[in-house]
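Q: Okay, here's what each chain looks like letter by letter:
6 protein chains.
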Amino acid sequence: MSAVRRWDELTRTELADLAPDALLVVPVGSTEQHGPHLATGTDALLAGEVARRGAEAASQPETILLAPTVAYGASDHHLPFGGTLSLRAETFQRVLADLLASAAAAGCRRAFLLNGHGGNTAACAVAVAEASREHGLLCASAIYSQLLEPGSVAAPVPGHAGLFETSLVLAVAPERVRLDRARPSPGGAARKRLRGLSVAEPGRWQELDGFTDDPSAASAELGAELLETCARAAAAAFEEVAALHV
Amino acid sequence: MSAVRRWDELTRTELADLAPDALLVVPVGSTEQHGPHLATGTDALLAGEVARRGAEAASQPETILLAPTVAYGASDHHLPFGGTLSLRAETFQRVLADLLASAAAAGCRRAFLLNGHGGNTAACAVAVAEASREHGLLCASAIYSQLLEPGSVAAPVPGHAGLFETSLVLAVAPERVRLDRARPSPGGAARKRLRGLSVAEPGRWQELDGFTDDPSAASAELGAELLETCARAAAAAFEEVAALHV
Amino acid sequence: MSAVRRWDELTRTELADLAPDALLVVPVGSTEQHGPHLATGTDALLAGEVARRGAEAASQPETILLAPTVAYGASDHHLPFGGTLSLRAETFQRVLADLLASAAAAGCRRAFLLNGHGGNTAACAVAVAEASREHGLLCASAIYSQLLEPGSVAAPVPGHAGLFETSLVLAVAPERVRLDRARPSPGGAARKRLRGLSVAEPGRWQELDGFTDDPSAASAELGAELLETCARAAAAAFEEVAALHV
Amino acid sequence: MSAVRRWDELTRTELADLAPDALLVVPVGSTEQHGPHLATGTDALLAGEVARRGAEAASQPETILLAPTVAYGASDHHLPFGGTLSLRAETFQRVLADLLASAAAAGCRRAFLLNGHGGNTAACAVAVAEASREHGLLCASAIYSQLLEPGSVAAPVPGHAGLFETSLVLAVAPERVRLDRARPSPGGAARKRLRGLSVAEPGRWQELDGFTDDPSAASAELGAELLETCARAAAAAFEEVAALHV
Amino acid sequence: MSAVRRWDELTRTELADLAPDALLVVPVGSTEQHGPHLATGTDALLAGEVARRGAEAASQPETILLAPTVAYGASDHHLPFGGTLSLRAETFQRVLADLLASAAAAGCRRAFLLNGHGGNTAACAVAVAEASREHGLLCASAIYSQLLEPGSVAAPVPGHAGLFETSLVLAVAPERVRLDRARPSPGGAARKRLRGLSVAEPGRWQELDGFTDDPSAASAELGAELLETCARAAAAAFEEVAALHV
Amino acid sequence: MSAVRRWDELTRTELADLAPDALLVVPVGSTEQHGPHLATGTDALLAGEVARRGAEAASQPETILLAPTVAYGASDHHLPFGGTLSLRAETFQRVLADLLASAAAAGCRRAFLLNGHGGNTAACAVAVAEASREHGLLCASAIYSQLLEPGSVAAPVPGHAGLFETSLVLAVAPERVRLDRARPSPGGAARKRLRGLSVAEPGRWQELDGFTDDPSAASAELGAELLETCARAAAAAFEEVAALHV
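Protein chains in written order, with the working numbering: chain A, 129 to 374; chain B, 129 to 374; chain C, 129 to 374; chain D, 129 to 374; chain E, 129 to 374; chain F, 129 to 374.
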């Protein structure tokens, strides 16, 4: 049985005791198209799974409070593909900000948004900055896959619904993968950009048919290995934030 | 194995096929204090459970698409008790409106917000009206416990964290109940109001210590019976909405 | 001469004296199409009229402060018919919330939104909850026609611009009725829904041609009787809220 | 009987006929403190009265549609005095913008906001510009008292609850004046500013005790004369806007 | 060397010393089409130039803090002409309100928005009122050209991209004028309106081809004279506000 | 004379010709405290300077349109230090989004936000994504100092008001530096975080006294070298975005 505590399984009394010295971890996902081969709940599933495993792998799992996964994210750019239930950027930003504000009201002093969807990144940054400034909450955020050291795993740079995510889902919930529908993205390789430069290209997701690289070589074995690496990286990040003075 | 389909387990391709003729059911909960004896995730847990069982009990379960539960609701009135992760009323309203708008964009023509938290009611009404008016979505909402005929169950009028909800959680996830902490609410019986009159009394939740009636007599047996009745009522409501012409 | 006091006829000095022990009653209406036979100002007219008569009929009319009627409501669903001056749902909600916040700032401790338009209901609920929570205002709301006991009047369930409202206007301001234009709604009888279920059907108002049931049998006599019953029901509701401890 | 038509007394059918060739006049007021001697409903009363009389005095009164008075305005600066029911600036701006947008949707092509409260001016300007730009509505606004030529009336420059407004209310609704409470404003004469310069001084309304100049010399006779002059000025403004090509 | 201090050239330490006794002057411009003959940056250029010269001409220039010019304003009505970078009315209003709020937080007690664009006026008024009411800031605003006495300059009433502005730019930055492209506006003379009446006519800017009167007679000599007059008027306005008690 | 064109120096006619094939570069700065030794306008100054030099250094400078610098940014976290004129995060986000929307309306197809302030990053990301999705604008953003390759310059990682920025300002506008007030930040070295992890620590800027590392060794020579490197990096980024297909 896990030492990690889930917020929604505890009473207000227990949470009042735990909150001040705990690290609140909020998995943040999305419900959006992931190509023709992967289920739409991928990001929420994986953010929750990495958060739980990372918390269990941390040195003091009993000091981590795991909040319910935020299942819907900022996915308006995927609406044209169908299968997507999305919050507008402004709404989603307020969701995260409100959650962190109420976490502070509930006595929390440290919070961590563990994010599984690139489109959520700016909202996480805004919410974290606001919670720190307005509510005195020590606040961190990360996309779980970007906690990995480059070259540390036998997979290309994590994209969207590519080899990386497809393998992870095969390891966690294989019934959510239609591997026979997987094929290379028609949009070509991810474009290398100059360091520090980010570009939003209209129509790029359409060129890619909504997913990156080549998911067809995905395997549960690779997924298990990636999952383990991600969980260790998340654990290290949780430990780093838990150790900060508040 | 259930015939009910979960949105997050399907691909965009499958959803594009199913959406036009399906009823999208979105369970809507909250993460908020439920007295000293009941876990904070009660409303999200029960809305999701009744939605799933109701969908399975419906006459054509294969036409129901079950969306991920909205785990956070409008619970600002419970913030003073701690243990509460809440969205402001305005934020929460936008969450529901955005989800219904993207459901319409994904090809859905019928949607149902199955709500487990009284504080969410107005936001559900606003979102449903907007989605119908702006996006042509046939849209319904209900608090699952208010679908019951009065007198049809051996429990007092469903309140908050009282005998009704505590029994339900004992039936579904008993590890979330601290029955030894349950006692009658110090705030007295629910106040009878004139028909059609609703009143918001400042400080009333404090008088009640955050829960209604007397959860101490809750039992898993009663919960199982209530759950069955709720699921049947939800199934009937789903069938009614699924049968409407669009 | 009435003992009821109108806010807009009093000075700030008088209001400062009266506000703490008074019940502020705010009639809330709309300006929207009411079929081919009834004037667009119906809801504001009737909410104001029932509020005034209810206040006069209450046991302590001198403790009631009657605010100016909110003449414009949330009527976007009637825009396609013409004749409608509407506030968006979000705007209207802020109107009510701002009014209640300033009522609290003016020293009021009890307020009652007496609503005459179904489309305003959710906004009333949100505003009342916010005012109670944020400003400590004891706050109530009701649609005046829903305060009636079913079967207590010789008219069908109150709808929109049907027999009920048309009769009321005949009794109050007959020059606002074109009885020769009244005919049964082409959309058929109001649909019976399962208890607790609310449904927003796109196009339903168009099917009904913008009004319910059959206004053609309306009469001033019936209207006078309904008005008396509504006023008594409003008086009882005012008394109940005025008696609550603050 | 007046040839002026009131929007709220007409049906959607009649309004659909009239709207395209009519000038919609919306009186815009406030409900706010007017010193110890004048009722809080002064601005709404006078805006409505001048609008009605101006419409009747216009050369083609039958082409004017008089909307219900907007009874609540942007009065947050008067909240500290009590007696004030105010909309925040942002809310009030949306109210006017929404009304003009729905007027355009109802077939109107010309609209006029006749304003009785200085604090509403900026919101009127924003709403008028938006309605013209976004909805193609020919749109005008004016504070009724600023339509007067300087020196054309035997009263000081119109202020707030001073000689000008107090006299007008004595002429229109004398029961709303407590002349025995009227005295000169303790804040001294209105400050002359450089042409084109507007200044908001914190605490200035407090220095003035919430009203300008000296209302104690107000009379119904002066009020009747002012009212006549204002109505003629409003009539001229309505005619000018009605004559513009759309 | 000027005695006027620029906010952006000073450190926080210096500003903390200066702010309480200084008048903060914020030039407010726009970046919008100015006909075929004048550069789009005209309003920002001129507001900044008049502000600087006005500050230098004031009796105590060392007490004036000149903020960076707000280069983008509310110009949505000019979007159809191209060349326009505009903020929506609501955004722009928040920009000014936020700047004044932070000026108050930085210790300022007096602020002046010197505006160069008519379309910014309402937003200036709202921001100034809010800053005075919410933050206790003594706050003024003016369009610089409206500080002039009528008849005091040898040019028609200042319009948009007409003789007045074109001459000013010829004096300040002649490389921004294409005098060979200047011609009379095809829309005819500015329409005289009744005193106190403002009208927004859809399509009027198109009739005018986006500029008023006749810029073709503009000259650097006239511009230099206008500039001097505007600067003296601004200086007088700054002195008046600087002398007010806070 | 530079081949780079400034938007505000051109007419609408010229911009209509240039916009479709140009890259619009918008320098984005802030006006905020930069320690006791550096002027508050640093970020706006440097973003504008690097943008201009980068544009001039690009291979086709004549295809670059330089917009006026956005002088005010999201600096609420610096308000406690004084000297800061800030936009709230939500306002600032709307500013950038509105500017990009109107750039698209003005015929631009490519835009680049060259940012000089870390606190602006999330707003840039949101605006860029929205403009790409909603308006079909190819859109890029970068913090200019993060375009540098690590180790490519003889200065520590660029911070806030440290050696890097202080040297740059010494090279560009030495009158804005008080080198005698420069000293090492009392808050110690920048904290190394795990890769991919971002943390907002309440009170951290106070510990640092509002600036990073040690500005006391800054020099104009180093600044000139850094400026040259930054300009080359910006030029490369501009070229990359200008070459993308639209």
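To be clear, the hints were calculated from the coordinates, so they are not data collected in a lab.
A portion of the hints provided could be inaccurate.
[To be verified] Calculated cross-link-like contacts (lysine to aspartate or glutamate; reagent style EDC-like; alpha-carbon spacing at most 16 Å): (1) E:K320 - D:E277; (2) A:K320 - F:E262; (3) D:K320 - E:E277; (4) F:K320 - A:E137; (5) E:K320 - D:E353.
[What the hints assert, rightly or not] Far from chain D, some chain C residues (derived; all Cβ distances over 12 Å): (6) A199; (7) L213; (8) V285; (9) R309; (10) S344.
[To be verified] One-sided excerpt, in silico: chain E residues whose CB lies under 10 Å from chain D: (11) Y272; (12) L276; (13) L307; (14) D308; (15) R311; (16) P314; (17) A318; (18) A365; (19) V374.
Note that the structure is a prediction, hence the values are computed from the model and not measured.
Don't be surprised by glycine CBs; every beta carbon is placed ideally from N, CA and C.
Q: If a hint holds in the structure, say so; if it doesn't, say that too.
A: Consistency of the hints with the structure:
1. E:K320 - D:E277: holds, 15 Å
2. A:K320 - F:E262: violated, 24 Å
3. D:K320 - E:E277: Distance of about 15 Å is within 16 Å: holds.
4. F:K320 - A:E137: violated, 35 Å
5. E:K320 - D:E353: Judged against 16 Å, a Cα distance of about 27 Å means the pair is violated.
6. A199: Given a closest Cβ separation of 4 Å, the condition is violated.
7. L213: Label violated. Min Cβ-Cβ 5 Å, cutoff 12 Å.
8. V285: Non-interface label stands for V285 (chain C): nearest chain D Cβ at 23 Å, farther than 12 Å.
9. R309: Check fails; 7 Å does not lie beyond 12 Å.
10. S344: It holds; S344 (chain C) is separated from chain D by about 15 Å at its closest Cβ, greater than 12 Å.
11. Y272: Cβ of Y272 (chain E) sits 8 Å from chain D, so the hint holds.
12. L276: Hint on L276 (chain E): holds, closest Cβ of chain D at ~8 Å, below 10 Å.
13. L307: violated, 29 Å
14. D308: violated, 31 Å
15. R311: Status violated, d = 24 Å.
16. P314: violated, 16 Å
17. A318: violated, 14 Å
18. A365: Cβ of A365 (chain E) sits 5 Å from chain D, so the hint holds.
19. V374: holds, 8 Å
Hints 2, 4, 5, 6, 7, 9, 13, 14, 15, 16 and 17 from the earlier list are contradicted by this structure; the remaining hints agree with it.
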